[in-house]
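> Residue numbers 19 to 402, in the numbering used here, belong to the letters of the sequence shown in order.
These are calculated hints, taken from the structure and not from any lab test.
Note that CB positions come from ideal geometry on N, CA and C, so glycine has one too.
A few of these clues could be false.
Stated by the list, open to error - Distance ranges between label pairs, derived from CB positions:
hint: 1; residue 1: K360; residue 2: K144; range: 45 to 53 Å
hint: 2; residue 1: A29; residue 2: Q57; range: 33 to 41 Å
hint: 3; residue 1: K144; residue 2: Q38; range: 38 to 46 Å
hint: 4; residue 1: L45; residue 2: E291; range: 20 to 28 Å
hint: 5; residue 1: G258; residue 2: K397; range: 37 to 45 Å
hint: 6; residue 1: F128; residue 2: G159; range: 51 to 59 Å
hint: 7; residue 1: A29; residue 2: E160; range: 30 to 38 Å
Said to hold, decoys possible - Taking lysine-lysine and the DSS-like style, the derived pairs with C-alpha atoms no more than 25 Å apart in a straight line are:
hint: 8; residue 1: K219; residue 2: K309
hint: 9; residue 1: K401; residue 2: K295
hint: 10; residue 1: K136; residue 2: K185
hint: 11; residue 1: K184; residue 2: K136
hint: 12; residue 1: K138; residue 2: K295
hint: 13; residue 1: K184; residue 2: K80
hint: 14; residue 1: K156; residue 2: K136
hint: 15; residue 1: K181; residue 2: K197
hint: 16; residue 1: K108; residue 2: K136
hint: 17; residue 1: K138; residue 2: K185
hint: 18; residue 1: K185; residue 2: K108
hint: 19; residue 1: K295; residue 2: K43
hint: 20; residue 1: K144; residue 2: K106
hint: 21; residue 1: K295; residue 2: K184
hint: 22; residue 1: K184; residue 2: K138
hint: 23; residue 1: K20; residue 2: K360
hint: 24; residue 1: K401; residue 2: K309
hint: 25; residue 1: K61; residue 2: K80
hint: 26; residue 1: K360; residue 2: K397
hint: 27; residue 1: K144; residue 2: K277
hint: 28; residue 1: K242; residue 2: K185
hint: 29; residue 1: K181; residue 2: K80
hint: 30; residue 1: K397; residue 2: K20
hint: 31; residue 1: K242; residue 2: K181
hint: 32; residue 1: K184; residue 2: K144
hint: 33; residue 1: K281; residue 2: K309
hint: 34; residue 1: K43; residue 2: K277
hint: 35; residue 1: K277; residue 2: K219
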Amino acid sequence: MKDYLYFDHAAATSVRPQAQQAVAKALGENLGNPSSVHQIGRKARGLIDEARLDLAEIFMVKSSEVIFTSGATEAAHTGIIGAYLALKSKRGVIYTSPLVHSCVHEALDFLAQNYAVKVKPLPLSKTGHIDLESIDEKLIGESDMIVIEHLNSEMGILQPAAKLGKKIIRWAEESGNLKPLFMVDTAASAVSERVGLDFQKCDLLTLSAEKIGGISGTGVLLKKENVSLVPLQGGTQEWGWRGGTENTLGILALHEAFKALFKNQEAQNQNLETIKKLLINFLNSEFPEVKMTTPEEGSGLHILHLILPQTPSSLFVVQADLQGVGLSAGSACSSGSVEGSKVLKALGFSDLEAAQGLRISWGWDTTLEETEALIVRLKTLLKS
């Protein structure tokens with residue numbers, strides 16, 4: 019068992035051996051710029067094309083719909099800003115879940131500040147799920163785009179993405195009107211959900227390598243062929259949608275990580291669920307005063323969110339780190355700050371409760387032995 023117990027996998031999970039081996043092999047070869055015409059460059063291009071074709075099969079899309087990016091943030095910004103600016107007819111309204119990741123908020127804020135787009139919140143239920151019954155024809159009809167997260171990476175709330183996508187498509191078919199674009203951020207959910215199925219009901223979908231066992235600095239934007247983009251930077255790479263030399267090593271690692279994930283997903287999900295049940299049973303029996311805010315139904319398998327009694331989570335995280343446990347006070351954004359309070363406040367929690375939120379998250383390589391060791395250390399920490 020490892021001395022340090024890492025339970026912040028929702029921020030970044032362990033790199034899978036298959037991804038490590040792919041990178042090590044590529045580093046041992048002379049891989050050139052994939053845009054070069056000589057044989058060294060063509061070799062790199064061939065590896066990227068092979069990864070793209072295989073990922074397209076995994077996600078049940080066309081290879082031309084797979085765009086490699088520098089991560090989920092770039093994928094989200096390219097999908098939201100690029101697709102909105104490319105729309106020929108605009109109503110000037112985007113609806114979004116109040117629980118989306120900060121990188122999605124930032125892209126929407128950019129459009130609001132620079133293009134006078136009205137960004138409106140989708141209705142939520144008491145558990146934080148999108149309230150499908152409250153999404154009516156008027157809401158869909160006035161939207162240029164609807165943007166949601168598949169899984170909230172702080173509280174583990176799993177949204178009904180496919181059902182919402184069906185509702186949007188049905189409205190367009192019945193009304194004969196232009197369908198608003200539908201984008202789903204699946205960076206946090208891909209670890210346990212078959213996200214390719216959701217792409218059948220949406221137009222844009224984002225993915226992150228570091229969440230599923232690849233290496234940081236690589237992501238994917240899945241874009242339906244009939245959706246156009248205004249590129250955020252010029253260049254001929256990625257079908258002209260995303261300029262800049264591709265990260266060959268990152269793409270190879272991402273490819274192998276997704277292959278390993280989908281090959282072993284059923285067994286992996288059983289392990290994730292077992293760990294979640296262990297932690298819930300422990301907290302319910304030993305510390306009933308700790309409020310678990312992750313909903314029992316419609317939640318991810320690898321995240322458990324709590325509100326600590328009388329303890330600021332920022333302090334608890336430091337204390338846990340000193341005891342050899344890696345936890346998180348919220349969803350860490352690119353600047354390293356914590357965005358937890360925004361999510362909790364959106365669900366009606368008080369400022370005090372928002373400051374006491376704690377996330378425990380585990381990953382593909384977390385063992386039951388490590389979980390039992392975590393429980394022992396949590397007992398000490400929660401009693402102190």
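> Quick one, are K401 and K295 close enough, alpha carbons at most 25 Å?
holds, 21 Å
> Hint check: K281 vs K309, CA-CA at most 25 Å. Holds or violated?
violated, 36 Å
> Given the hinted pair K397 and K20, is their Cα-Cα distance within 25 Å?
Given that 25 Å is the threshold and the Cα spacing comes to 19 Å, the pair holds.
> Holds or violated: K108 and K136, Cα atoms, limit 25 Å.
holds, 11 Å
> For the pair supplied as a hint, K181 and K80, is the alpha-carbon distance within the 25 Å limit?
It holds: about 23 Å lies between the C-alpha atoms, which stays within 25 Å.
> Is the straight-line distance between the alpha-carbon of K138 and that of K295 25 Å or less?
violated, 36 Å
> At the C-beta level, are F128 and G159 separated by a distance inside 51 to 59 Å?
Given about 25 Å between the Cβ atoms, the range is violated.
> Tell me if the straight-line CA distance from K219 to K309 falls inside 25 Å.
violated, 35 Å
> Would you check the hint for K43 and K277, treating anything up to 25 Å between C-alpha atoms as holding?
Holds - the C-alpha atoms of K277 and K43 are around 17 Å apart, at most 25 Å.
> Quick one, are K138 and K185 close enough, alpha carbons at most 25 Å?
holds, 18 Å
> Hey, K20 versus K360, does the alpha-carbon distance stay inside 25 Å?
Measuring from Cα to Cα gives roughly 33 Å; hence the hint is violated.
> Does K144 pair with K277 here, judged by a C-alpha cut-off of 25 Å?
Outside the cut-off at roughly 37 Å; violated.
Hints 1, 4, 5, 6, 8, 12, 19, 20, 21, 23, 26, 27, 33, counting from the list given before, are not met by this structure.
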